[in-house]
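Student: Each chain sits in its own coordinate frame; assemble them with the hints.
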Amino acid sequence: MSAQAPLHRLAALLPRVLFALYMAAFLIYLFLPLAIMSAATFNTSRFPTVTPWLGTTLQWFQALWNDQAMWKALWLSIGIGLAVVAFALPVGTAAALFLTSMNARARSFFYAVMVSPLLTPGVAIGIATLILWRQAGVSGGTMLIVLAQSTFITAYVMLMVVARLQRFDRTQEEAALGLGASRWMIFRRVLLPFLKPALIAAGFIAFLQSFENYNTTLFVRGTDTPLTVYIATKVRTGLTPAVNALALILIALTLVTAVVLELSRRRKERHQPG
Amino acid sequence: MAMAELIRRFGPGLGGVILILVALWIVGMVLAPNLMMLNFSLKPNLFPSEIGGPKDQYTLLNYTALFSDPVHRAIFLKTVWGSALVTAITLAVTYPLAFWMAKVASVRGARAMLIALIIPFWINEVLRTLAWYILLAFNGPLNIFLQTLGIIDQPVRWFGDTGVLAGMVYAYILFMLFPIYNSISTLETAQIDAARDLGASTLRIHRRIVIPHAKAGIATGCVFTFMLAAGSYVAPALLGSPGSRWFTEIIYNWFFEGGNWNRGAAYALILLVLCMAVVLAALRLFRVNLADVAK
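Just so you know, the protein sequences line up as chains A and U, in that order. Going by the UniProt record's numbering, the first sequence wraps up at 274, each residue one higher than the last. Going by the UniProt record's numbering, the second sequence wraps up at 295, each residue one higher than the last.
Next up, chain U with everything else stripped away, as it sits in the complex (with noise of 0.2 Å):
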């Protein structure tokens, strides 16, 4: 039926065109990938020469292995743990800005702050993480000038737990901050007006009026940022300790260090499917659409 209208609207040509680059889209680079990554996951790990052999079985041991490790199992809690955590963090120190942005400044103010604020965001996130690896270097910026002031005596190992949050919420807050402000726009400014005019506290207007109207882009933010987090590498991996390591960082290994790409497979499924896990739970719970978290 949708063929039958877009040759009518297109043409058999233009329309067949179409067609054909949506079907390499979608059928080859998004469903076929993601199947096969799903059929190799489920096949044990074998030599070249066994395969189709007694031992190519299907098999759920790939994915029982994570939660019989009691290593990875604790690195992947720690990984959705800490994504979480990410998330509030950065849900926190955003939200006063992008109420800020959208209904206390003036036009220009909050045009000048958009484009401040565009600057991180352009340059890539190695970037934004290496410049947290200098400031946080054993004797670096950071311990020298606490050093300075006294409130430290001996300098700090930043790099680990610490490092990985702070540059987490660094490489994000952007992601957060722009739904939220779009969604906060949107807002009559009248209806904050009229409530503080019946007599409403700044926090009530921002539980029963803001927040309820924002809630779109909340979800969206929060979604985004626990998913960029959970998946991230970059900031584990130069900011990280040995003990602060991240699940993508196990998922590396058994590609390009372990040799075992089914169980790397069955292991970035789980990944995968914690994202869409989180995606689906915040659609329920803020009841927004797809289309409205997509924008």
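Chain A on its own, in the form it takes in the complex (with noise of 0.2 Å):
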């Protein structure tokens, strides 16, 4: 029996360490591929690589900075973000209303028919535009970029306001409009700050949505050229680390941000326990 006792305990470790052996994979898996996309940019090697090292540099920063195909790429994309932001939020917030007004049955019907662009591939969102927009002779570009792209992303808009909109307590409309306040008025000073929060955050998505995205947007881009094509074409043009380069600086970007966030949300977590 005493023979018995480490082999359990043994067995009992087991599950421990093969999740512990999977949460290492798990990470190495996730963060690997970033960090040598990262280091490669300060390989000297033509090539973004890390194998072989052939020298220390900063010369592909340089490289970034003075690629004017890359900065005019980079402003179309933040364009682009901002015009679909400001269409989404607006058409976004205007379905999440109307889907509220209606009686169950109907507004069943219309939340499909409001979701299915997030359940359409982005490439048939991309396709369908174009064609419609071929018809009455306007063709691929900037335009057509942003009617695409907001095709899908004001849905995500509709979905974040309606979650909003469900904690909303509709006797505070009634309250104001027995005191003689205009629907107007209602919706400014009522409805709007009470979505604010959603809204700040829907718009973010909105614009990281877009400036991420590529599939739609290849198709309906006509010549012009956001981020997303002119990284994925210079994959075949010849890549250099100056991508590397401006990879990296996304990924501070993002690291920044989140940090940032996270440090605001603790804080109003301290000023409003529970």
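Hints were generated in silico from the structure; no laboratory data involved. Honestly, I wouldn't trust all of these hints.
Said to hold, decoys possible - Derived SDA-like pairs (lysine to any residue); straight-line CA-CA distance at most 20 Å:
#, chain 1, residue 1, chain 2, residue 2
1, U, 103, A, 21
2, A, 268, U, 103
3, U, 103, A, 24
Unchecked claim - Negatives, chain A to chain U, calculated, CB over 12 Å:
#, residue
4, 8
5, 31
6, 59
7, 71
8, 118
9, 142
10, 231
11, 267
Unchecked claim - Which chain A residues face chain U? A few, computed with CB under 8 Å, are given here:
#, residue
12, 15
13, 28
14, 48
15, 53
16, 90
17, 101
18, 150
19, 154
20, 204
All residues carry an ideal CB built from backbone N, CA and C; glycine is no exception.
Tutor: Right, dumping it as structure tokens:
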């Protein structure tokens, strides 16, 4: 019996060891590719790699800084992202208000229609937009990129606003109405302030979704080149570690944003315990 | 009726604006483009001068072409099968982590993990795939590493099916993880403890308690992963080889190299119908409704 005890303990330990191994493998899988991509920025090798290490350099940041085409693509992506936010926020909010004003049966029908762009492959959204506008004589370009991206990004905004609206107390509207406020006033002074956190979050998500979109954009871009298309094209036309420098900067920005958001969340929690 | 309620609630001005915006989106950007694509896919590819002429007749030829062309048919079936494989692998890889984050880790540990996961999620799919492009290159770090360890003596050509699979699982891992994590989080830990006290094995606890509870999250994760994989363009384009072409690449070629938009539209609709079918099948299979999926 005494000989069995250590064996038992080992058997009890096994799942934990296996899980630790799994976790280590998962984290390596998640971060090693990004780490290698980032590290390759500092290698003098013309093709981005870490093997062999030919020498440490900062020249690729310089190359990125001087890359006019990259700057053009970056500004275009930012412009498109802002345009998408400007479109998707009001329309998504309107869609959410529209939904919450309906009876259950009609609501589930419209809900399915509004959610469908999220369940449609991005390439199909791009193609459908391209074909429709071609009939009207409009060919691919920045305008169609904004429209095609907004088709599904509006659905994200709608979902986020609907989620917030579920916690809205409609008696607030009734009370304001009873006190003589106009409907526009109620919208501006009661509903919009209530929705504000969801709108900020939705605007942020909408911009990110637009900025990182590739599949939909690819079909409607015409000859315009936003950042994701620019990066993907680089792989064919001659990838240099300048692209890695760009990746590194984007990763760093993401990291900083994530940490800042987390810190502000913690501060808020401390101010409002429970 | 909805209109009346909108106008009653927001007044004619604001209510009208809301209706116009919603119509603009639903009719102008969701319904009209898809109907036009459908119409387009049922027409033959004609010269502009022939449009409206005797040859301008509805036909199913663009659809049947997919199944009569053995290469395209094989690529389509491979895309379906490959996307299912990506979905299954992603589910297997993420489930333990989702459970750990929701039920085992401390609040602080789970938060830290969440932030760590967000970083690869926020940088875009093209860069995530590029990272794998660099890692898997013929003279790249992975081959050198495996050679140094003596596991392989010749560099391996990862680009192709293996590369595409690895890149896709990587790109979509979080679309699977987050819904599963969210749904396991709502499970009462007491239920798991009770089952364990009653002598249930870990496997049985997952099979009988955790998985049934998390089925909406699992269905959501699977639906999104499948759809993203089937509609993926970057991973096959960067990590594939001529032998591992993906259905989206065929569609792209019809538009920008083959010059047959009608056939491209038909192929895109087939892809769309495939994804919709998978969504509906998953809803049925897991008995969840759309509102749970789209959370």
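Student: Now tell me, hint by hint, if it's right for this structure.
Tutor: These are the hints, each one checked on the structure:
1. U/103 - A/21: holds, 19 Å
2. A/268 - U/103: violated, 25 Å
3. U/103 - A/24: Judged against 20 Å, a Cα distance of about 19 Å means the pair holds.
4. 8: The assertion about residue 8 of chain A holds, with a minimum of 15 Å to chain U.
5. 31: With a cut-off of 12 Å, residue 31 of chain A comes too close to chain U, as the shortest Cβ separation is near 8 Å.
6. 59: Holds, because the least Cβ-Cβ distance between residue 59 of chain A and chain U comes to about 18 Å, which exceeds 12 Å.
7. 71: holds, 18 Å
8. 118: violated, 7 Å
9. 142: Check passes; 16 Å lies beyond 12 Å.
10. 231: Answer for residue 231 of chain A: violated, closest chain U Cβ roughly 5 Å.
11. 267: Non-interface label on residue 267 of chain A holds, nearest chain U Cβ at 14 Å vs cutoff 12 Å.
12. 15: OK, holds: residue 15 of chain A within 8 Å of chain U, min 7 Å.
13. 28: This hint is violated: residue 28 of chain A lies away from chain U, its Cβ roughly 12 Å from the closest one there, beyond 8 Å.
14. 48: holds, 5 Å
15. 53: Violated - the Cβ of residue 53 of chain A stays beyond 8 Å from chain U, reaching only about 10 Å at its closest.
16. 90: Result: holds, 6 Å to nearest chain U Cβ.
17. 101: Interface hint status for residue 101 of chain A: holds (5 Å vs cutoff 8 Å).
18. 150: Holds. Min distance 7 Å.
19. 154: holds, 6 Å
20. 204: violated, 10 Å
The structure does not agree with the numbered hints 2, 5, 8, 10, 13, 15 and 20 stated previously, though it agrees with the rest.
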